[in-house]
Each structure stands twice: as C-alpha cells, then as structure tokens.
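Colleague: Build the complex from these two chains, which are given one at a time in their own frames, with help from the hints.
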Amino acid sequence: MLLIIPMMWVLLTMVFILLRVAPGDPVSAAVGGKLDPTVIAARRASLGLDRPLIVQYFEYLGQVIRLDFGKTLSDNRPVLDIIRDNGGATLTLTIGAFLFALVIGIPLGLIAGRRRDSIADVLIRLFGVITYAAPIFFVGLLIQMFVARPLGLPTSGIASPRTQFMVGSAPKTHILLFDAALSGDGNAFMDVLIHHLLPCLTLGLLVCGVFIRLVRVNILQTLQSDYVEAARARGIPENKVIRDHAFRNALVPVVTVIGLQAAMLLGGAVLTENTFNWPGLGTQLVHYIEALDYPAVQGLVTFFAAIVVVVSLAVDVINALIDPRVRYR
Amino acid sequence: MNSFFGRLLAPFRNTTGLARWILVTGLIITGTFVIAAIFAPILAPYGFAQMSVAGVDFPKTSPPGPGHLFGTNNQFYDILSRVIWGAQTAISVVLLSVVLSALIGVPLGLLSGYVGRWTDRILVFIMDALYAFPSLLLAIVFAFLLQHSIGSGVISAALSLTVIYIPQYFRVVRNTTVSAREATYVEAARALGAKNGTIMGRYLFSNVIQSVPVIATLNAADAISTLAALGFLGLGIQPTDASEWGYDLSRALQDASAGIWWTGFFPGMAIVGLVMGLTLVGEGLNETINPTLRKRRFRKVTLPPRTPGREEVGS
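Sequences listed follow chains X and U, in order. For the record, in the first sequence the residue sitting at position 285 is 285 according to my numbering, with numbers rising by one throughout. For the record, in the second sequence the residue sitting at position 4 is 333 according to my numbering, with numbers rising by one throughout.
Do not take every clue at face value.
[Unchecked claim] Label pairs and their calculated CB-CB ranges: (1) Pro253(X) <-> Ser586(U): 39 to 45 Å; (2) Ser586(U) <-> Leu99(X): 22 to 28 Å; (3) Val122(X) <-> Thr361(U): 22 to 28 Å.
[As the list claims (entries may be wrong)] Computed list of chain U residues with no C-beta within reach of chain X, every gap over 12 Å: (4) Val363; (5) Gly445; (6) Asp584.
Just so you know, these hints were derived from the structure itself, not from any lab. A virtual CB, placed ideally from N, CA and C, is assigned to each residue, including glycine.
Bound-form chain U, shown alone (with noise of 0.2 Å):
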C-alpha cells in the first residue's frame, strides 16, 4: 500500500518550485469546493430554494448582513446557500460529463488509431467538423434538444456537455495510438501471437492513457463555464430542481444597474474560482506529467573535498 503511493506521488516529488506550487494552489482551491460540494447539507445555512425560515420569509433583495453573510436575491433565497449549493450542482454536472466523454472518447480514439484505413479517416473526420464548432452552440443546440426529449435537469446538462468534449479525448488517444502502434513492444506482442482486442487493451490502452488525466481536468474547468453559460442564457437546470450559478447571474443582470452587486458578484466568483483552481491542476499535472515540459529536480551533489598537494591546472 505505502509503495503504491510512494509510486503514486513520484512524479509530485521530483517537480520543481513552480509545477508543484501551482499544483499545489490548484489542488486546495479544487479541494474546498469538493469538500462545500459533499458537505452542502451540513455546511449550507438554508435550502437552496428555502424562502423562509420558521414562517418567516427572507428580506428580499437584502444586502451582506448577519443574518444573511451574502444577503438575498429578488427571489427571497439565501446567496450563500446557493453558491454552496451551486457547488453541489457543478461538480456533479461535471464529473458526470467528463467521465462520460472520456468512456466515450478514448475507446473510440484506440480504435480508430489501432485500426487505421477508412474507419480512421471517417471518425476523424467527424471529429474535426465536432471539434471546429462553436463549442457553445453545439451545448446550446444539444440542450435545446434534451429539454424537450428528456428535461431539463443535471443528467440533461451532463450530456449536452459530454458531446462537446469527446473530440478532444478522441484527437488525443488517437495521435498517441498511431505512433505507439508501431513501436517494438507492439511489435513483439504481435509476434507472440496476441490478439488485436489483447494489444489495444493491455499494451496501447496504459500507454496512451497517461494523458487522459490532464485533459480531463482542463475539460473540466472549460465545462464549468459552458454549464454556468447555459444557465445564463435559461437552457440549464431550473431553479427549484439545483442551484446553478449561472442562472443566478442570469437574474442578477436586471440588478446591476440599480446598484444591488451581491446577488451576481458571490456566484460569478465562485465559478471564477473552481475554474481557476481546476485550470491550476490541469496545468500543474501537465508539468508533472508530460516529460517533454517536465524538469525534474536536481538532487544535490556533494563533491569529495580536494586533496591537497593537487595543483590546479593553469593557477
């Protein structure tokens, strides 16, 4: 066990001072809002769609105060409940998405780069013309879709994310795929007699694998935003059902001209904040990970002193 971690945290300990501290930074940001996304029940003052409390309604539109530590919006919630809540909502909508477009992508992209010939040029093809849409107008049109075959709800959000990512899985895995395919332990593989299922799956699938985490985490980041972005423009999860950041915004626009800058500022900066904090531990593990960026760290040397009697050349 105590190995499997030694092995597991290798790479962090030979990172160099900024890789690990921005790993580091990444990983404890990301962390609190884990941690506000579990323990939302326990940590949330209120519901997130809670107006009253014992028979009392909320103030409405009031401002940071004691009662409220993030005052209320013009529908009488709690603005701290509803980012912690929020926090609930966007990690769940991502975790789901991403894992589903890379059970999606990475198979598809082994498959179309082991295989090769025309089911290669095809799934590449479609790909490409995926990947170069507007990566918002392809969630927009998915979510328009879904809201009318199955709702509008987390699993409804997750989806019309997933579609937007597995290109990138696939590009990816696939590009790996195709140059480790001719390597000579693929070679040797082939020679013993193993099958095709066999190589893509034990020899090719660790192999190629190795980048699916940082591409995941960077997915991640790009998809908090696409979420609170269809929440913002009404095609994301509805109110009552989960708190969303970005339909909060989307009802905080009509305040800010009149000055009212709590009920947009708390949940736009909590989705500032996860996005940075995952963008953070994107790119400290690409560091750490890919060894074409990576520097390892030096170990000091300790010279064995001089011998006297030694002349130096040329003193």
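Chain X with its partners taken away, still in its complex shape (with noise of 0.2 Å):
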C-alpha cells in the first residue's frame, strides 16, 4: 500500500516529461504565428518557462502536492476550477455507468454460469464480446439513432437550458444532479436524471462484458467446489444453493476488478462525453488539447493519473475489508 507514494511519483514524472521536456514550446503552440518573439519571450518568462528544468520539475512536484494544478494559458483558469465545475459531471456519469454494469452485467453472468453452454450462455456471452468490442463511441451513436429518436430522449448535454439556467446559476455542490435534488424542484431533477439516462448506459455496456464473462467463470468455480458439493449433499435446494452458497462467494472479486475498471471507465468517460456533449473533464480536455493548451492537458492529465492511483488504493482496502484472505498476507 505504500506503493501509491513511488507510484505517484512516477507518473507525475511522466506526465512532466511527456509535456515539458519533450519538443514543443506551450506558449509558441498556443499563441505561435501571432506575436513577435518578445512578447513570446516574455509570456515565457511569466510562466515560469525559462528556468531550468530541474526548478520547473520540482516546483510541479511542490504544486502537485498541494492540489494545485495549474492554470490555463488560452482564458487564464485555474485547472482546479474546471475540476470544480466540470469534474461533478464526469463523477455522476461514471456511477451511473456502474450502476448499469452491475445491473446488466451480474444476473447476466449469472445465468449464463448456471446454465452452461446453454444457448441463453451462448448468447449472453456474445452480448459481452460485442459490446467489449464495439467502441463506445459507436455504440452511442446507434444508441441515439434506435433508442433516442424514436423514444425521445436527449442525446446532448446534461440538462435542458431551462434546468442549466435554474439550478446550474447557483451551484451548491457543483454536481449538477444533486444540486437538483437540493433545489427542490421535482422537474429539475427529472430533468437531469434523464439526460443522465443514455450516456450512463453507454458507459455501462462497455464494462458490463467484464462482469459478464468474471461473474460466469467465478460461479463455474465456485459450483465445482467443495462447500458447495457439501450443502448439496446436505440437502439444501439448488437455488439456495446457489443463492446462498455460490453466489456470494463468487462476487468477491468483482471488487477487485472494478478498481481494475477504473483506468479503462476514465478513457471511457471521455468518449462517452464527446459523444454525448456532455459538459465533463473529457470533452474539456479535449477542448484544451485543440486549443494546444500545454498547462491545461498536463494539469487535467495529472488530475486523470491522481484519480487513478487514489482509486486502485481504495480498492485495496475495500478488499481487504471484504475479504479475510487478503488482509493476512
């Protein structure tokens, strides 16, 4: 567990030397073309950029440590900021996207390990195989054409400009779908609810092949093992044991792969958002990265890093809580 601090590190160094030494100047990139050489100088001199790089590193390193992550260099915004407003977006889209792969994707698993090569197993296993392979960005475009168009529901955006301009105006928490709630307004909420409902989905269909194909295999184990060989003999109803017995053994390690989720759901997120124009940390990364705003991209992408490792130490100790045999190793 004192892995994350090394950890850390190396991905911070990374990140540094990926988008500061490498060729490529941030201010020329952002502004090139456009003035002399020195104001280009000077704009340098005022981020900091002529120092050397030993100095820039550590100060990075010293910012990073206090959660600052930086400022933009086309409007000038602290990253921190576009965390803040942005950031709630990208969180309430990725648990629902859980939401749905858990939903989705364990009774299917679960079928499909009861009833082995069954044609139901067949097919459910396809299912995981598709929707792994599709690109999420295509499963949301057919998404939007068969399910949105005919249903009617919004494919762009977090909420309608109505709710944006009412609860959006005056954020308590930042997080649009509970500022909703806090506001009192029942359509709001509806509001925000159902524009989360599509790219939540999407989201969720790609890491739902996942829980598919573990819950399966762990429950063909978990069936062939001794426990359950023993509260059969005893006489226990197969769906007891199976409920009782099977199941809850085989989920223990859902756990651990949702940590292992995490990083493949954050580069997820941001298709899912540009597909759904979804006001997140990715389509603001995105938009930084056409702007060729060096700062912007190293301070979201630090932030992206730091999510990740925070994630998988929580996992961890999750685990450990769960289950006895990983804490006494």
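Modeller: Structure, rendered in structure tokens:
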C-alpha cells in the first residue's frame, strides 16, 4: 500500500517529461505566429518556462502536493476550477455507468454461469464480446439513432437549458444532479436524471461485458467447489445453494475488478462525454487539446493520473475489508 | 517444406471443436479485412477523398443506393470507398504499432528478467506505471505531442499506439524469462560456458517468444479501437491524408439526430467486425498454443474384439 507514493511519483514524472521536456513549446503552440518573439519570450518568462527544467520539475511536484494543478494558457483559468465545475458531471456519469454495468452484468453472468453451454449462455457471452468489441462512441451513436430518436430521449448535454439556468446558475455542490435535488424542483431533478440515462447506459455497456465474463467464470468455479458439493449433499435446495453459497463468494472478485476497470472507465468517459456533448472533464480535455493549451492538458492529465492511483488504493482497502484472505497475506 | 507447414499446423490439427471454430471464424473475418486493405485500390469504387466522378459531383448525404452502395456523407465522400480504404489505414497503423511495441517490449523483458537486480526493479516499476495509466489517455497525450513535432499521419498514429502496448510484452516476457532462467537447460548451457548473449538469444528467446503471437493479436484488436478513438477525438489521421473510420464516426455524430444512419453505421460496423475478428483469432490461438488451456483431440481407440469364452466378472 506504500507503493502509492512512488507510483504517483513515476506517473507525475512521466507527465512532466512528456509535456514539458519533449520538444514543442507551450507558448508558441498556443499563440505561435501571431506574436513577435520578444512578446513570446516575455510570456515564457511570466510562466516560468525560461528557468532550468529541474527547477520547473520540483516546482511542479510541489504544486501537485498542494493540489494545485496550474492555470490554463488560453483563458487563464485555474485547472482546479475546471475540475470543480466539470468534475461533477464526470463523477455522476461514471457512477451511473457502474450501476448500469452491475445491474446488467451480474444477472447475465449469473444466468450464463448456471446454465453453462445452453443457448442463453452462448447468447450472453456473445453479447459480452460484442459490447467489448464495439467502440463506445459507435454504441453511443447507435443508441442515439435507434433508442433516443424513437423514445424522444435527450442525447446532448446534462440538462435542458431551462434547468441549466435555474439550477446551474447557483451551484451548491457543483454536481448538477445533487444541486437539482437540493433545489426542491422535481421537474429539474427529473430532467437531469433523464439526461443521465443514455450516456450512463452507453458507458455501462462497455464495462458490463467484463462483469458478465467474471461472474460467469466465478460461478462455474464455485459450483464445483467442495463446500457447494457439501451443501447439496445436505439436501439444501439448489436455488438456495446458488443464492447463499455460490453467488456470494463469486461476487468478491467483482470488487477487485471494479478497481481495475477505473482506468478503462476514465478512457471510456472521455469518449462518452464527447459523444453525448457531456459537460465533463473529458470534453474539457479535448477542448484544451484543440486549443493546444499545454498547461491545461498537463493539469488535467495529472488529475486523471491521481484519480487512478487513489481509486486503486481505495479498492485495495475495500478488498481487505471484505475478503479476510487478502488481509493476512 | 511440407514438413515445415506440417509442424506449423500441428497444434491446429490437435484443437477441439470450439477452439478450432473460434480460430477459423476469426481468421476468415480478419482475412476479409486484410484482403480489402491490400486490394483497396482495385476494390474501392472511388478514392477515399474523391468528391466527383467525370466532373459530376457526388450527391450530398444520399442514402445507400445503386450509385453509392453505402451512400455518401455530408463531405460528398462515397462511404463504401472510405470503409474499404479505412481497412488499409487501420491495418497498416496497427501492424506497425504491434511490430514496434513487440520489438521494444520483448528484448527489454528478456533483459530485465535475465539480468535481474536493479535493472529489473527499475524497468518493472516504470512499465507498471505505464500499464496502470489509462491507455487511451496515454495515447491521447502522445498523439497530442506528436501532432506538433511530426504531424498527424499513419506514423504518428502508430507511434502513439506503440507506447501503450510495450508494457504488455514486457510483463509477459519478463515473467516467463524469470522462471525459465532457472531451468536445467539454461544451467547446462551456462555450465558449458555459453555467454549471456547466447543464453538470452538462443535458449531463452525461443522459449519466451511463444506467448507473443497471442498478445500481439489481442493488442491488435485493442489498437483498432484505440486508433478509432483517437480519430473520433480529432487526434488521428486527417481525412485528406487517409481514410479513417473513427474520424468518419465523429462526422456522423451530427447526422444521428437527423435520422441519417448510414454515415456512421458502416464505418462503425467495420470497426466492430475487425476487432471481433482479431479477438477471435487471439482467443483461438490462446487455446491452441497455451498448454494450460489446450484440449487435445483424443484419437479414437479401437479395442480388439472380445474373445469368446471369457466370462465377465460379476455378471
């Protein structure tokens, strides 16, 4: 668990080397060709980019420790503000996606595992392979065309303009879903919730294939274990054996995999957000990439790296709480 | 020659029903895309950035029909042609990135596993960090940087993908090397006075290389979708340089709400098809090559007929 600090350090160093040491200068990238060299040099000096790299490196590390991710170049906005304003949308998107993935993935995996090699098993496994193989933005596109259009569901943004105006203008938690709930306006809350539906489903489908596969294999393994055999021998009905004996143990590894999926989910969130025009961190990242804004990209990528490390740590802790075998190793 | 192919195909002949079915289906699907990629100039009715034929402009966003089998998009491009040329782009980028990452990852893994000590620790640590980082994000950062230094084309797309797959070869090769290093045949070679280079190159290499084809095909499948993702985010190949499925899908996004389905459907299905084909080949290969998963086909044994006069016990 102490590995978190060197891990973080390696990731930060990597981000720094990639975005600072690699050729390409932030200032001339952002405003190149439009200003004359002396102005560019002055800008560089004001950003501290003219100092030795080693000084910049330690300053960067120091900033990150103080949770300061720098300022954007194109609109001079602290990256922390971007994270505060847009992070909430990404958070509710990923949590919703996990809920969808669990609700779809676990029952399907359970059915496939119980009825091994049946038609249902083959179909469910095929479904898992297809959702994994299909790029998330294509799934999003298909859902927009074949689900959203007939049902009249929203496919763009996190709320309709009216709700955005009513609730978004006076943020309390900076998470629009909670703000809408706190405002006491039922319509606004429903509006935000309905906007969550399709993006969360899209991202959830990406992850549910992993859950199907995992739960299926685990059920198969636990059904062959001695304690299940013993339970059957005692005459416990098969349904009860599955529910109380096999299923519970088959679910433990799911928690581990949730942690491993965090990295995949972040990548998926970037794509989902851009498919559904979702005002989260992924759209912001792409926006600043298009603006060739090095400091903004650096700040956001640093934040993503931090999230991945923190989530994997949290999962280790939860795992130790759930599964006593992990603790005593 | 015959015996060489015989040996090459031996594991395949030993496969059982499902593994063989998976492998064959995967090979057929992947093969179709490879043929489309190689013969794109012949197979595609038009060029990937062609907007008119004989001075007559293509219709804008026309639905699939006789003139344009898959229709046209709002840039006047013929979608069937772009899908076929897209296979060429996808396969060349992925081939390049898979070969490059294996060329870097395998020797590093071999070195790290064989030398051990500090070299090993440092390399493992860096590779683990690379592996833990969201791969799409890593590819985005690299594409963003390379866009600046060498422009956006097939090479820079391949390079941004290469980085994210190196750790996978490294990990597998390193771990196999660590266990193979202590094997008796390596000890024997060392006792005979073989140099480290010889042991790594001749004895260990051929033993650790076996898992590489499986990783390579599974990585190739992943690389197809990552390449498309880069294109979708506008970080991939420019539409006039080459045809790229992901870029076409990003253009199709605005059509979806207007009920224009063909601009996104066909490039998307091409991605799904190629990814599935490669995944099936990888899974099939895994079950064929990997001895722990392999199920050998049992040869039918014919027992000699029972000789009369011998009574069965207990009957």
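Colleague: For every hint, state whether the structure bears it out.
Modeller: To see whether the hints hold, each was checked on the structure:
The hint said 39 to 45 Å for the Cβ distance between Pro253(X) and Ser586(U), and at roughly 40 Å that hint holds. In this structure the hint that Ser586(U) and Leu99(X) lie 22 to 28 Å apart at CB holds, the actual value being about 26 Å. In this structure the supplied range 22 to 28 Å holds for Val122(X) paired with Thr361(U), their Cβ-Cβ distance being about 23 Å. The Cβ of Val363(U) lies farther than 12 Å from every Cβ of chain X, with a closest approach of about 18 Å, so its non-interface assignment holds.
Its beta-carbon lying about 19 Å from the closest one in chain X, Gly445(U) satisfies the requirement of being farther than 12 Å from that chain. The claim that Asp584(U) lies off the interface is violated: its Cβ sits roughly 9 Å from the closest Cβ of chain X, which falls inside the 12 Å cut-off.
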